[in-house]
Amino acid sequence: MSRVTIAAQPVDTNTLRKALQQPGCGGFCVFEGWVRETNEGREVSGLDYEAYNELAIGEGERIIDEAVQRFGIADARCAHRVGSLAVGDTAVWIGVVSPHRDEAFRACRYIIDQVKQRLPIWKKEHYLVGESSWVACAHAPADEHDHAHQG
Amino acid sequence: MSRVTIAAQPVDTNTLRKALQQPGCGGFCVFEGWVRETNEGREVSGLDYEAYNELAIGEGERIIDEAVQRFGIADARCAHRVGSLAVGDTAVWIGVVSPHRDEAFRACRYIIDQVKQRLPIWKKEHYLVGESSWVACAHAPADEHDHAHQG
Amino acid sequence: MTSVTVEYYAQLREQAGQGRETITSDADSLAALYGELRQRHGFRLDIAQLKVAVNAQFRDWQQAFADGDLIVFIPPVAGG
Amino acid sequence: MTSVTVEYYAQLREQAGQGRETITSDADSLAALYGELRQRHGFRLDIAQLKVAVNAQFRDWQQAFADGDLIVFIPPVAGG
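Chains as they are written, first to last, in the numbering used here: chain Y, 1 to 151; chain Z, 1 to 151; chain R, 1 to 80; chain E, 1 to 80.
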């Protein structure tokens, strides 16, 4: 099974967590991205996500491979929602397991940062007032990957 | 209700997660510490944790207050098991919510590091071979808090 | 002439009025192909704001393409 | 003479053979009190390896204590 899931169904965090459990791992770090009620000062009523699934899964797998190599973690999973999400919904879930906590934290942070910059996933925000708009990821960090967007 | 729980029952992560949800928060970072099958090269069969509850809860609350002040997070929870744990069990759960992910990661890391150094909780490891022993926290970092142990 | 399938996402999908089309082109690079389609559909995104993938792999804009390729232009992303 | 309750955890509990005792002492500091109890119970941990709490608050070793205080000596911790 792929370590990366793109799905219209809510993220099944219990199953993801179980898939990561292994007796040599003492550290489990998770990041969840939730839909916020405001973005850049505007009140958000909901979001539509769409993804180019095949490329998103391939790029997500590459990101996890990079995290394994850079930080020596044991394993990781990434799940991203598509479709219509409401405020409070989980848009993305990243889980990392490792013998120790330092690598787990650093790899989890690396994966979410790269996922936001590199996965071909798009977000249209709907506001309480005014026209909906496609949102671009904020500026990429200095050490960005070749594939990352500049904008 | 206290933001810190010390209990012999398994950590109820769903309830803790729900308690942290708020519509202004887009980032949720969790760390779980699991009992590993080995520690410093010895095969572990299980652990007994004991805590001085009243002081552990007070010190945990202080750590969360510090994290709120230092990182500007919205909220956090910490749950720690006591009693007998087996390999794979969750010994500690830390959850942090924040408008953005950077503070959530940094505060979660801060809280687990401080919890390990400062909470009056003790761990006796049982090994497949040889006598059980009380384990001391590894060396404290340079910027340790006044209350942290040196050993 | 080369026959390829192009998929559109996000604002490109909205501006093209469709998610997918099969086209023929004699453009000699992915950049030139985007130029043609931009003119046809009135895409507002400049090539500098996009990336391009062929058969689910990122590619350079100066590369050519072949019959049967699946080409996707990638607007600025915003996962998470 | 001052009457206090002392609680023991971890290796101190094992070495004292009990989790809690009420004692009287004329020691004038928490450090001196630990010295007395160390001699009585044969504690192997040195004061430099411990911390001390009175009524669930960390205290300095040189502080005194009062009738009815709950005193806990804290061996090296290992949460998480």
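Misleading hints may appear alongside valid ones.
Stated by the list, open to error - So, partial list: chain R residues that the calculated Cβ filter (under 7 angstroms) puts toward chain Y:
{"hint": "1", "residue": "Ala10"}
{"hint": "2", "residue": "Ala53"}
{"hint": "3", "residue": "Pro76"}
{"hint": "4", "residue": "Val77"}
{"hint": "5", "residue": "Gly79"}
As the list claims (entries may be wrong) - Over the 12 angstroms line for every Cβ pair with chain Y, so calculated as not near, a few chain Z residues:
{"hint": "6", "residue": "Ser2"}
{"hint": "7", "residue": "Val30"}
{"hint": "8", "residue": "Gly88"}
{"hint": "9", "residue": "Gly95"}
{"hint": "10", "residue": "Phe105"}
{"hint": "11", "residue": "Arg106"}
If you are wondering where the hints come from, they were derived from the structure by calculation, not from laboratory data.
Remember, predicted model here, so these are calculated numbers, not experimental data.
Each residue gets a CB set at the ideal place from its N, CA and C atoms; glycine is no exception.
Notebook entry, point to check: For phenylalanine 105 of chain Z, which was marked as not at the interface, is the minimum beta-carbon distance to chain Y over 12 angstroms?
Noted result: 5 angstroms, violated
Notebook entry, point to check: glycine 95 of chain Z: least C-beta distance to chain Y exceeds 12 angstroms?
Noted result: Glycine 95 of chain Z is in fact no farther than 12 angstroms from some Cβ atom of chain Y, at 9 angstroms.
Item checked: valine 30 of chain Z non-interfacial with respect to chain Y [C-beta, more than 12 angstroms] -> Non-interface label on valine 30 of chain Z violated, nearest chain Y Cβ at 4 angstroms vs cutoff 12 angstroms.
Item checked: When the least beta-carbon distance from valine 77 of chain R to chain Y is tested against 7 angstroms, hint result -> This hint holds: valine 77 of chain R lies near chain Y, its Cβ roughly 6 angstroms from the closest one there, short of 7 angstroms.
Check: Can alanine 10 of chain R be said to touch chain Y, with a Cβ gap under 7 angstroms?
Finding: This hint holds: alanine 10 of chain R lies near chain Y, its Cβ roughly 4 angstroms from the closest one there, short of 7 angstroms.
Margin query: Would the hint on alanine 53 of chain R be counted as holding, given a Cβ-Cβ threshold of 7 angstroms to chain Y?
Written below: Constraint on alanine 53 of chain R satisfied, holds at 5 angstroms.
Check: Does glycine 79 of chain R pass the interface check with chain Y, least Cβ-Cβ distance below 7 angstroms?
Finding: 4 angstroms, holds
Checklist line | Per-residue hint verdict: proline 76 of chain R, partner chain Y, C-beta under 7 angstroms | finding: Constraint on proline 76 of chain R satisfied, holds at 4 angstroms.
Notebook entry, point to check: Can we trust that glycine 88 of chain Z is non-interface, i.e. its beta-carbon lies farther than 12 angstroms from all of chain Y?
Noted result: The claim is violated: glycine 88 of chain Z sits with its nearest Cβ about 6 angstroms from chain Y, within 12 angstroms.
Next item on the list: Mind verifying the non-interface call on serine 2 of chain Z? Its CB should be farther than 12 angstroms from each CB in chain Y.
Entry: 23 angstroms, holds
Notebook entry, point to check: Looking at arginine 106 of chain Z again, its CB stays over 12 angstroms from all of chain Y?
Noted result: 9 angstroms, violated
Checked against the numbered hints listed earlier, the structure breaks hints 7, 8, 9, 10 and 11; every other hint is satisfied.
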